[in-house]
Structure formats: C-alpha cells, structure tokens
Amino acid sequence: MEDAGFVIGSYVVVLGGIAVYAATMISRARRLARRVPDADKPWT
Amino acid sequence: MTSVDLAAGTTVDDGSRPAVELSDVVAVIGGFPVLAGVDLRVERGEIVLFHGPNGAGKTSLLRLCAGLLPLERGTGTILGMDVVDHRDELRRRVGLVAHANGLYQDLTVAENVRFWASMVDADASEVDGALDRMGLRGRLADAPIARCSAGQRRRTALACLVVRRAELWLLDEPHAALDAAARDQLDEIIRAAAASGATVLVASHELERTMALATRHVEVRGGQIVELPGG
Amino acid sequence: MANAPAGGITPTHDTGTRVTQVFGTLAALGVAWLCAFGLLFSPADRDQRESVRIMYVHVPSAWVAYLAFGVTAVASALYLLRSSHSLTWDRLAGASAEIGVLFMGVTLVTGMLWGRLSWGVFWTWDARLTLTAFLFVTFLGYLAVRRLGGTQHQRAKRSAVLAMLGVLEIPLVHFSVRLWRSLHQDATVARIDGDPDLDGLMLFSLFVGLIAFTLLYVWLVIHRQRALVLEDALDDHGLDAALVERRAEAALQGGGR
Amino acid sequence: MAERIRWIRWQRTRAIAAKDLRVELRGRVLLNQVIPFSVLVLVLFGFAVDDDGIAQRVAPGLIWMATLFSLLVMVQRTFAVEAADGALDSLRVAGVDPTVIFWGKAMALAVQLAVLEIVLFAAAIILFAPTLRVSGVALLTATWIVSTAGLALVGTLYGGLTAGIQGRETLLPLLVFPVVAPVLIGATRAVESGLGTTGAAVSEGWPWIGLLTVFGAAFAAGGTLAFGPLIDD
Numbered sequence: 001m002e003d004a005g006f007v008i009g010s011y012v013v014v015l016g017g018i019a020v021y022a023a024t025m026i027s028r029a030r031r032l033a034r035r036v037p038d039a040d041k042p043w044t
Numbered sequence: 045m046t047s048v049d050l051a052a053g054t055t056v057d058d059g060s061r062p063a064v065e066l067s068d069v070v071a072v073i074g075g076f077p078v079l080a081g082v083d084l085r086v087e088r089g090e091i092v093l094f095h096g097p098n099g100a101g102k103t104s105l106l107r108l109c110a111g112l113l114p115l116e117r118g119t120g121t122i123l124g125m126d127v128v129d130h131r132d133e134l135r136r137r138v139g140l141v142a143h144a145n146g147l148y149q150d151l152t153v154a155e156n157v158r159f160w161a162s163m164v165d166a167d168a169s170e171v172d173g174a175l176d177r178m179g180l181r182g183r184l185a186d187a188p189i190a191r192c193s194a195g196q197r198r199r200t201a202l203a204c205l206v207v208r209r210a211e212l213w214l215l216d217e218p219h220a221a222l223d224a225a226a227r228d229q230l231d232e233i234i235r236a237a238a239a240s241g242a243t244v245l246v247a248s249h250e251l252e253r254t255m256a257l258a259t260r261h262v263e264v265r266g267g268q269i270v271e272l273p274g275g
Numbered sequence: 276m277a278n279a280p281a282g283g284i285t286p287t288h289d290t291g292t293r294v295t296q297v298f299g300t301l302a303a304l305g306v307a308w309l310c311a312f313g314l315l316f317s318p319a320d321r322d323q324r325e326s327v328r329i330m331y332v333h334v335p336s337a338w339v340a341y342l343a344f345g346v347t348a349v350a351s352a353l354y355l356l357r358s359s360h361s362l363t364w365d366r367l368a369g370a371s372a373e374i375g376v377l378f379m380g381v382t383l384v385t386g387m388l389w390g391r392l393s394w395g396v397f398w399t400w401d402a403r404l405t406l407t408a409f410l411f412v413t414f415l416g417y418l419a420v421r422r423l424g425g426t427q428h429q430r431a432k433r434s435a436v437l438a439m440l441g442v443l444e445i446p447l448v449h450f451s452v453r454l455w456r457s458l459h460q461d462a463t464v465a466r467i468d469g470d471p472d473l474d475g476l477m478l479f480s481l482f483v484g485l486i487a488f489t490l491l492y493v494w495l496v497i498h499r500q501r502a503l504v505l506e507d508a509l510d511d512h513g514l515d516a517a518l519v520e521r522r523a524e525a526a527l528q529g530g531g532r
Numbered sequence: 533m534a535e536r537i538r539w540i541r542w543q544r545t546r547a548i549a550a551k552d553l554r555v556e557l558r559g560r561v562l563l564n565q566v567i568p569f570s571v572l573v574l575v576l577f578g579f580a581v582d583d584d585g586i587a588q589r590v591a592p593g594l595i596w597m598a599t600l601f602s603l604l605v606m607v608q609r610t611f612a613v614e615a616a617d618g619a620l621d622s623l624r625v626a627g628v629d630p631t632v633i634f635w636g637k638a639m640a641l642a643v644q645l646a647v648l649e650i651v652l653f654a655a656a657i658i659l660f661a662p663t664l665r666v667s668g669v670a671l672l673t674a675t676w677i678v679s680t681a682g683l684a685l686v687g688t689l690y691g692g693l694t695a696g697i698q699g700r701e702t703l704l705p706l707l708v709f710p711v712v713a714p715v716l717i718g719a720t721r722a723v724e725s726g727l728g729t730t731g732a733a734v735s736e737g738w739p740w741i742g743l744l745t746v747f748g749a750a751f752a753a754g755g756t757l758a759f760g761p762l763i764d765d
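Residue numbers (the numbering used here), protein chains in the order written: chain A, 1 to 44; chain P, 45 to 275; chain Z, 276 to 532; chain Y, 533 to 765.
Hint data in this document are derived by calculation from the structure and do not stem from the laboratory.
There could be a bad hint or two in this list.
Unchecked claim - Cβ-Cβ distance ranges computed for the label pairs, FRET-style: (1) Arg30/A to Ala749/Y: 45 to 51 Å; (2) Gly74/P to His288/Z: 26 to 32 Å; (3) Asp167/P to Thr730/Y: 41 to 47 Å; (4) Ala220/P to Trp542/Y: 34 to 40 Å; (5) Ala220/P to Val519/Z: 29 to 35 Å.
Said to hold, decoys possible - Within a straight-line C-alpha distance of at most 16 Å, the following computed EDC-like cross-link-like pairs (lysine to aspartate or glutamate) qualify: (6) Lys41/A to Asp510/Z; (7) Lys41/A to Asp474/Z; (8) Lys41/A to Asp507/Z; (9) Lys41/A to Glu506/Z.
Stated by the list, open to error - Here's a subset of chain A near chain Z, in silico, CB distances under 8 Å, partners left out: (10) Ala23; (11) Met25; (12) Ile26; (13) Arg28; (14) Arg30; (15) Leu32; (16) Ala33; (17) Val36; (18) Lys41; (19) Thr44.
Heads up, the beta-carbon is just placed ideally off N, CA and C, and yes, glycines get one too.
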C-alpha cells in the first residue's frame, strides 16, 4: 500500500493515543476507587 | 448578587443581632483546614483579642469574618447577615487591616483615603474627619504611602476604615512594627472606634500591650477557639 | 494519607459498571470494524489513492472533539443556571473537556498527516483546521484553570464561566479566520476531508466510525467523571482526616504555657 | 432610584479608572518601562525580518504583535498594583461591585494601551517606512479605537482571573493569546488596508472594523457577566 507509513501512522496515533489515555485514566481511577468506601460511589 | 442598597441604607440587618456569630465553622486553604470547627459569639461594641501561636488560624478567622475566605462547613453571621448569602452586603460594613494594608503605594495618604471614600460616596468632610482622627493632616497627608512609616500606613488604613463607616474592624497584628508612641495612639483609635459603636477584633502576639485594651481574650489554637476562663 | 479507606472494609467496586461494560464492548467492536475496513477492505480513492483511509479516523475524532466541547459547554451552563449548582455537571464538564482535548489533539495530528499526503504540506491555514487548533489551545487553558486551588464550588464556577467565554469566542474566531482566508485566492485547495466520492460501503464505514467513536467517548467520559467523583470524595475524606489532625494540634499546643 | 444607582456606579467606575491612571502617572511604569519594551520588540522584529521589502509589508503585523506582548505586561502590572498591598482584597472587602471594578480598570488600561499604540505606530513608520496615505487615516483611527477597546476588555477580564495566582505569568498568555487572535488578524488587515501595503484598498479594511466592533461588544457583555465570578471566591 502506498504511503503506508502515514496511513498506518495516523491509525496508530489515534487508537494508540486513546488507548494510552484510557489505560492511565482507568488505572488511576482504580487506585482511587480502592481508597474510597462504596457508600461514596453513587454508581454502586 | 449586587444588593439593591447601593445608595440607600441597608435593609437586611436590624442591629440587634450580635456582631459575629459562628458555629462549627470550617475553612480550607489548599486542602488544609485553617479553621477546624470555630464557635464564636461577639457582641457589638466589644474589643476582642485573639492570641495564639503562629499558624493557629487567627488571620484566617479575620479573613473569614471579612468574607474573603469561603466557608467549607458550618454556618455564620456577621453583623446579622449570613456569611454566604449576604456576603457582598456584609463586606460593605466590614473593614480588614492586615500586614498588607490595602493601600496604593504610589498615591499619597490623602489620595488613598479619598479613593476609598469615593467607593462608598463619603464626602470630603468625612475624609477630613477621618484624617483628623488619625492625626494625618498637613504635610503628612500629601506624603506618598511608599515613603510613610509603618505607623502612618497603619493609621492611613484605619482612616480608610473610618471613611468607609466600617462597623466591624478586623485588625491583624495592628501593633506590628510600631514604636511605643504609635502604639499608644493606635490604642486610642481602637478605643474610640469601640466607643462609637464599632466592634473590633484584634489578632495579635503582643499579649501585655493588648491585654488591657481588650474587653475579652480568646485563645486560638489548631484552627479552633479555646475559651480562657474569665478572660 | 493512610491508604486504608475511611470505611474500613476494602471497597469492591471501581468505576466500572454494567453500563460501562456495554459501551466499552460496543465501542471496541465498532473500532475493530473501522480499522479492518478502513485499512483493508475499503477501496482506494480515485485521485487521493490510499491517503483517504486516514479519513476513517480523522473525521470521527474531529466529530467527538466537537461533541466533547459541546457537552462541556452545556454542562457548564447547567451548573451555572440550575439553582442546585450540582457538582455533577461540573465534573461532567471537566471530564468531557479532558477527553475533548485528547481527541482534538489526535484530530490535528491526523489532519496534518492527511494534509502532507494530499498537498505535500503539514499545515494549511484552512479555516476549519485553524478553528480546531484554536479550540485545542483554549481548552488547554480551561484544563489549566481547573487545576487552580479553591473549594470545589469555586473551581466549578470559575471553570463554567471560562467554558462559556470559550463558546463566546468560537463564532468570533470562526468569522475572522473565514474572512481572512477569503482574501487568499490560493489554488482551490481540496477541502480537508477531500470529499472524495464515497460509495455506499465507504460511507457506511465512516458512519460506523462515527458511532464507534461516540460510544468510545461515552465510555471514557463515564469513567473519567466517576474518577472525578472519587477525587472529590477523597478531598472530603482528606479534609475529615486533616480536621482530626488539626483538632489534635489544638490539644497538643495546650500543654505549652 | 435606578438612575441614581447608575450614576453612583458610574462615579465609582470613574474613580477606579482615575486611581489607576494616577498610579500610572506617579509610577510612570508605562512611560519608563512598557513603551520602551514595546519599541524594543519592534526593533527586534526588524533584526529578525532583515529584508526591508518584507519588513515594510509585515509592519502592520509587527505593530500588533508588539502591542499584544505589551498588553500582557500592562495587565499584570495593573493587577499587581492591586494585589501588591492586598488592595484587590480591600476592593472586594469594601463590597465594590465587580462590574464597577471591571469597567474602571478596563477604561484605564484602554487609555494606556491607546498611548502605547500611537508610539508603536510612529516607531513602525520610522523603522519600516511603510507606504502612508491620507485616505487611510479614518480607517486607521477606527482600527485604533476598536482594537484598543477589545484588547483592554479581554486583558482586564483574564487579568482578573489570574491575579494573585502563582504561575499567572504563564497562564495569562495561554488564556489571552487565543482569544485575541481575531483582533490580531482584523487589526493587522485593517492597518494594511489603511496604509495601502501590498496595494490593499481602503475599502477592504472596513469589514474588519465591523468584526472588531462585534469582538469588542461581545467582550463588553461577556466581561460584565464573567468578571465577578472569575475574580470572586
């Protein structure tokens, strides 16, 4: 495929960026969740 | 939330309520509870001395009464007005003089007082009256704040309070950096203010000096009031 | 800060619930389909050849970025206007803005990659790209202001007002850039997304992309919003713990004189 | 009753503006520091551009870039005067209505900005010798007035938000620069039309004046509503 570098690159940028953000954000949320009692979580 | 009373007199407080009434007040700065459950009641015309170690919360208590520190928990009224609901209204009738005197360095003493007078539409006679009362007439009045002594700056700040007709005076370390004569003069000013119906809260380290001045002493520790028996 | 929660029992739940699992899996499926189609099955465009494949990630990213900032603006308005001033709206605004900045960032990057292939230049002062860059920087400022100190309600009010100002600026920037671009009679530059003639399947895939990214956005914003709830709850717990310490301090100092 | 209150508010707005200008006259920071700084920025642009032909063409842009940098310095100065001795607290403790503070300070900033822009314009004429023509004077004056108003309003609004906050030196540009982009675009194009750089006709400038006016009006309204919540805790 022509210009593969740029095309694949754009997919990597988009999905990679979202994946990295999601991973860090959710792991931080999990760490927080361990320190807050369930009573304070309106969604439980 | 600008109250309608800009020109007319206030409509909210009937004067019978105590000057300060705080119950279980908590205030936070940067996550740290500077005030951790303050209960305090001060009647009008009192001169109350707050003393206690550094970081006990004296300054924060004064800033809360001045409506500059948001209430995290608890309730409070100043001059009969709720600290949260009528904050703008109560601010108009409270005066705070702290290390930062709230003055403009480049302006002269008289210009500073005249500026604050224009914020409450006090007329020239009130300005002159305030300057007289603080002994800031003649050459003194035309000196820029930057070149004034600590005593003159303190008295200028108090003159601004007088011209703003503040009913609750909040003085943070008012005697700091003053020589003996200036201190006596300051005590006279505070006594005169209380005599004329104002309520004065003083936060200070200078125990012996202010002991005689105050009608009541309150010790502040760990962000709370620790009442001294008898006072 | 002691990490054993004040509640004593170790909580079981994190920010995930059935709802997030549903959105998460649907989003994952949609993105998988998008990649498969975008990279493999979809035909190359007649004149743009392979570079049109970038469109399948660029357009949905841009759509979600604008959606996210829209949600932030609406949530901020609701926080200000509703008398309840509930912090939920503020946290939704904050979570949505953070995710909006992320998607706006990748939109700009893919836009440049696509521009490089289509016109050989990374950046063109195309009115839409310029507005995108403007929103990106504006909301970076918004996120910076959210981190300033103060009580939760101070943060909420300040951020909401800033978001409203952000909304006020969009038409101003939009018109000034459009007026400015109209002065330049450069070659009729193909519009950024190129408007290649999309046949049925390509259009369908782009549509799947939009749906998948929107689901992804919802999934992210739910988790992020709940994380903000936890952060605020921890602040309150922190405050209770700090209050206990602070009050003990009073007793301690008592021994002095 | 209503006009009486409006009159009183106007008196206080004027008092704040007069105070700011008097503090400036005494301290002379604008004259001794900000204006030299802005002219220096222009000179540095001259070094950077190096080619006289290009310099002449981009002179309008350089004037407004130098103005924007100076705007940041002036905004921080006008609020530093308040915060230095706790005066902003005192203004708030005195229960002065935030809208009055906003308009008072914005007016004072506008006056100082206008003076700075004239000096910068003269410096640019000397340094870059752009084409000058009488027919453009009306347009140039309109640009001068409308852009100054817009910049002063935005500067005061975001200056109030960042006053007294650590890291305001970096937060203020991040907030202000994107917002004043339309003014930079509009004012530069309008001045180009006024001067006739690159053969631009005077008539091409007037749509930009329209845009700048809308910008000013938007931030007059936006600022009046937003200033209170932004500076108040």
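Numbered hints the structure breaks, given as an ascending list = Per hint list: 3, 7 and 10 violated.
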